[in-house]
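Colleague: Take 1 as the starting number for the sequence shown in our numbering and just add one per residue.
Because the hints were derived from the structure by calculation, they are not lab data.
You may find that some hints are simply not true.
[What the hints assert, rightly or not] Think about it this way: if two alpha-carbon atoms lie no more than 20 Å apart in a straight line, the pair counts; the simulated SDA-like pairs of lysine to any residue are:
#1 K59 <-> D69
#2 K61 <-> T47
#3 K110 <-> T84
#4 K110 <-> L120
#5 K110 <-> I77
#6 K61 <-> L120
#7 K75 <-> V38
#8 K61 <-> A51
#9 K110 <-> R57
#10 K59 <-> D76
#11 K110 <-> R67
#12 K59 <-> P87
#13 K59 <-> E108
#14 K61 <-> P131
#15 K59 <-> E111
#16 K55 <-> T73
#17 K110 <-> A51
#18 K59 <-> K110
#19 K110 <-> Q24
#20 K61 <-> Q21
#21 K55 <-> D85
#22 K55 <-> D76
#23 K55 <-> L120
#24 K110 <-> A90
#25 K110 <-> D85
#26 K110 <-> Q48
#27 K59 <-> R72
#28 K61 <-> L100
#29 K75 <-> Q48
#30 K61 <-> I77
#31 K59 <-> R115
#32 K59 <-> L119
#33 K61 <-> R109
#34 K61 <-> E19
#35 K110 <-> V97
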Amino acid sequence: MPSKSAKPRSPKTLFLTPEEQQVQEAEEQLPSLPGVSVLAGILFELTQEAAIDEKGRAKHKLEHGLRLDAYRTEKDIGVALSRTDVPPGADEVGIVVEALGWTHVQEERKEMGGRNWVLLQRGQALPAAPPAPEADEDPPTGRCGRRVRRPCGT
Numbered sequence: 001m002p003s004k005s006a007k008p009r010s011p012k013t014l015f016l017t018p019e020e021q022q023v024q025e026a027e028e029q030l031p032s033l034p035g036v037s038v039l040a041g042i043l044f045e046l047t048q049e050a051a052i053d054e055k056g057r058a059k060h061k062l063e064h065g066l067r068l069d070a071y072r073t074e075k076d077i078g079v080a081l082s083r084t085d086v087p088p089g090a091d092e093v094g095i096v097v098e099a100l101g102w103t104h105v106q107e108e109r110k111e112m113g114g115r116n117w118v119l120l121q122r123g124q125a126l127p128a129a130p131p132a133p134e135a136d137e138d139p140p141t142g143r144c145g146r147r148v149r150r151p152c153g154t
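Work the whole structure out from these sequences, hints included.
Modeller: Quick look at the structure:
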């Protein structure tokens, strides 16, 4: 008979390795980030501070080991979300991207200095598709692609 303390596995976790399940359970137990509007204010201040700081960096500690960093890049300001024990989850990254208001984001995950990092930089939109060629009034017909003209009245 299974012990009462064992939790039934949800359908989401049935096919995860024990390590992946442990990470997912840890993420589910952690409280979420502040609301998008509060986070947007924090990120605005961080990016402004990083832009004028001589080292080009600024950081803000959140609850439960989460930290936001802003850093200068060659062309813009990047933002990083990090945590010491488990990597930031996709939901947390999504909230940060929403708060930033960026439509295109380049995301890179790293482990460095005892922290799990998600580095975010403003991405570029894909180039627009070239305009479609204008359609001819009299489309080509036949095998050779020449226009076939038929005499009127036949």
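Colleague: Look at each hint and say if it fits the structure.
Modeller: Structure-based check of all given hints:
| no. | hint | result |
| --- | --- | --- |
| 1 | K59 <-> D69 | holds (4 Å) |
| 2 | K61 <-> T47 | holds (14 Å) |
| 3 | K110 <-> T84 | holds (12 Å) |
| 4 | K110 <-> L120 | holds (11 Å) |
| 5 | K110 <-> I77 | holds (18 Å) |
| 6 | K61 <-> L120 | holds (17 Å) |
| 7 | K75 <-> V38 | violated (26 Å) |
| 8 | K61 <-> A51 | holds (19 Å) |
| 9 | K110 <-> R57 | holds (18 Å) |
| 10 | K59 <-> D76 | holds (17 Å) |
| 11 | K110 <-> R67 | holds (14 Å) |
| 12 | K59 <-> P87 | holds (18 Å) |
| 13 | K59 <-> E108 | holds (18 Å) |
| 14 | K61 <-> P131 | violated (48 Å) |
| 15 | K59 <-> E111 | holds (17 Å) |
| 16 | K55 <-> T73 | holds (11 Å) |
| 17 | K110 <-> A51 | violated (23 Å) |
| 18 | K59 <-> K110 | holds (17 Å) |
| 19 | K110 <-> Q24 | holds (18 Å) |
| 20 | K61 <-> Q21 | violated (27 Å) |
| 21 | K55 <-> D85 | violated (27 Å) |
| 22 | K55 <-> D76 | holds (14 Å) |
| 23 | K55 <-> L120 | holds (19 Å) |
| 24 | K110 <-> A90 | holds (14 Å) |
| 25 | K110 <-> D85 | holds (13 Å) |
| 26 | K110 <-> Q48 | violated (24 Å) |
| 27 | K59 <-> R72 | holds (12 Å) |
| 28 | K61 <-> L100 | holds (17 Å) |
| 29 | K75 <-> Q48 | holds (14 Å) |
| 30 | K61 <-> I77 | holds (18 Å) |
| 31 | K59 <-> R115 | holds (14 Å) |
| 32 | K59 <-> L119 | holds (13 Å) |
| 33 | K61 <-> R109 | holds (19 Å) |
| 34 | K61 <-> E19 | violated (27 Å) |
| 35 | K110 <-> V97 | holds (18 Å) |
Checked against the numbered hints given earlier, the structure breaks hints 7, 14, 17, 20, 21, 26, 34 and satisfies all the rest.
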